[in-house]
Amino acid sequence: MSVEEEKEVLEDMIQKFKKKMDDDESIKKKMEKFQRDILVDFESGNRYNFEVDGHEVSSIEKGSIEDPDITLSSSVETLRDLLDGEIGAMQAYASNKIKVDASLTDMMKFKKLL
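Using the working numbering, read the sequence shown as starting at 38 and increasing by one per residue.
Be a bit skeptical, because a hint or two may be false.
Unchecked claim - Straight-line alpha carbon distances no greater than 27 Å define the calculated BS3-like cross-link-like pairs of lysine-lysine that follow:
(1) K67 - K56
(2) K66 - K146
(3) K53 - K134
(4) K66 - K55
(5) K146 - K44
(6) K44 - K136
(7) K146 - K65
(8) K66 - K56
Rather than coming from a laboratory, the hints here were simulated on the basis of the structure.
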């Protein structure tokens, strides 16, 4: 996968986050004090990071960050399938297609956004 395809799937993921928060007042309320640095580690070896701060999501930066709160490891294809609803988050996690390194609380909040 190219860097452009990786960034595109990440932009789609962020747009989906924002839409869910805009459409669901309960999710919006739960995310109010949620501030986390997120690292996405693709199988290609490319890494990207962004910050979620309540209802805001920073721009995507290429590269790693020190001590992310949430690390998501996956292939671009799996992340695309998640966003398109072709695979569920728990199914992807159970089959090791996606790995999430985060606290249980963060993992549950993050799952609601996918």
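Hints, verified against the model:
1. K67 - K56: Given that 27 Å is the threshold and the Cα spacing comes to 15 Å, the pair holds.
2. K66 - K146: 12 Å, holds
3. K53 - K134: Measuring from Cα to Cα gives roughly 20 Å; hence the hint holds.
4. K66 - K55: 13 Å, holds
5. K146 - K44: 22 Å, holds
6. K44 - K136: At roughly 19 Å apart (the allowed maximum being 27 Å), K136 and K44 satisfy the hint.
7. K146 - K65: Distance ~11 Å between K146 and K65 Cα, so the pair holds.
8. K66 - K56: 14 Å, holds
The structure fails none of the hints (numbered hints given earlier).
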